[in-house]
Amino acid sequence: MKHFLLTWLATAIALLMTAKIVPGFIIKTFVAALIAAIVIGLVNAFIRPILKVLAFPITLITFGLFTFIINALTLWLASAITPGSEFQIRGFIPAFLGSIVLSIVSSIINYFFRIVD
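Residue 1169 is where the sequence shown starts when you use my numbering, and the numbers rise one by one after that.
Careful, some of the hints might be misleading.
Heads up, simulated BS3-like pairs for lysine-lysine below, C-alpha to C-alpha not over 30 Å straight-line [claimed, not checked]:
id, residue 1, residue 2
1, Lys1170, Lys1196
2, Lys1188, Lys1170
3, Lys1220, Lys1188
Label-pair restraints from in silico Cβ distances [what the hints assert, rightly or not]:
id, residue 1, residue 2, range
4, Phe1231, Leu1174, 31 to 39 Å
5, Ile1229, Phe1172, 31 to 39 Å
6, Phe1231, Met1169, 37 to 45 Å
7, Met1169, Phe1236, 27 to 35 Å
8, Ile1189, Thr1230, 21 to 29 Å
9, Pro1225, Arg1282, 29 to 37 Å
10, Val1199, Gly1259, 22 to 30 Å
11, Ile1272, Pro1217, 20 to 28 Å
12, Ile1272, Phe1198, 17 to 25 Å
13, Gly1252, Lys1188, 16 to 24 Å
The hints are simulated quantities; they were obtained by calculation from the structure and are not laboratory data. The C-beta atom is built at its ideal place from N, Cα and C for all residues, glycine as well.
Generate the whole structure from the sequences, applying the supplied hints.
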């Protein structure tokens, strides 16, 4: 349970940092970041595996680069279904750049949380 809460907190912090870096990637409050982290987790758990299976042929042809597109689409979908207007991604390019920045920032933050834990 402690690991889940730390991961949730780290993802929310990473979302706030990504919003500061990527234009068009908007998170207004920390509570919105916490809710967005839950929605992103649910989308990644249920919808992303289906997209990966359906997109396997094109992912194979592009040597895995299409995975970046899948990541951007799932992040964009998560912003579309998040309640309220405090988490928004305005277009595919901010979603694409945001997914790359978010993965880098999340990796760094999770690394430091592992040191503390």
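Hints, one by one, checked against the model:
no., hint, result
1, Lys1170 / Lys1196, "26 Å, holds"
2, Lys1188 / Lys1170, "27 Å, holds"
3, Lys1220 / Lys1188, "29 Å, holds"
4, Phe1231 / Leu1174: 31 to 39 Å, "34 Å, holds"
5, Ile1229 / Phe1172: 31 to 39 Å, "36 Å, holds"
6, Phe1231 / Met1169: 37 to 45 Å, "39 Å, holds"
7, Met1169 / Phe1236: 27 to 35 Å, "32 Å, holds"
8, Ile1189 / Thr1230: 21 to 29 Å, "26 Å, holds"
9, Pro1225 / Arg1282: 29 to 37 Å, "36 Å, holds"
10, Val1199 / Gly1259: 22 to 30 Å, "24 Å, holds"
11, Ile1272 / Pro1217: 20 to 28 Å, "23 Å, holds"
12, Ile1272 / Phe1198: 17 to 25 Å, "21 Å, holds"
13, Gly1252 / Lys1188: 16 to 24 Å, "20 Å, holds"
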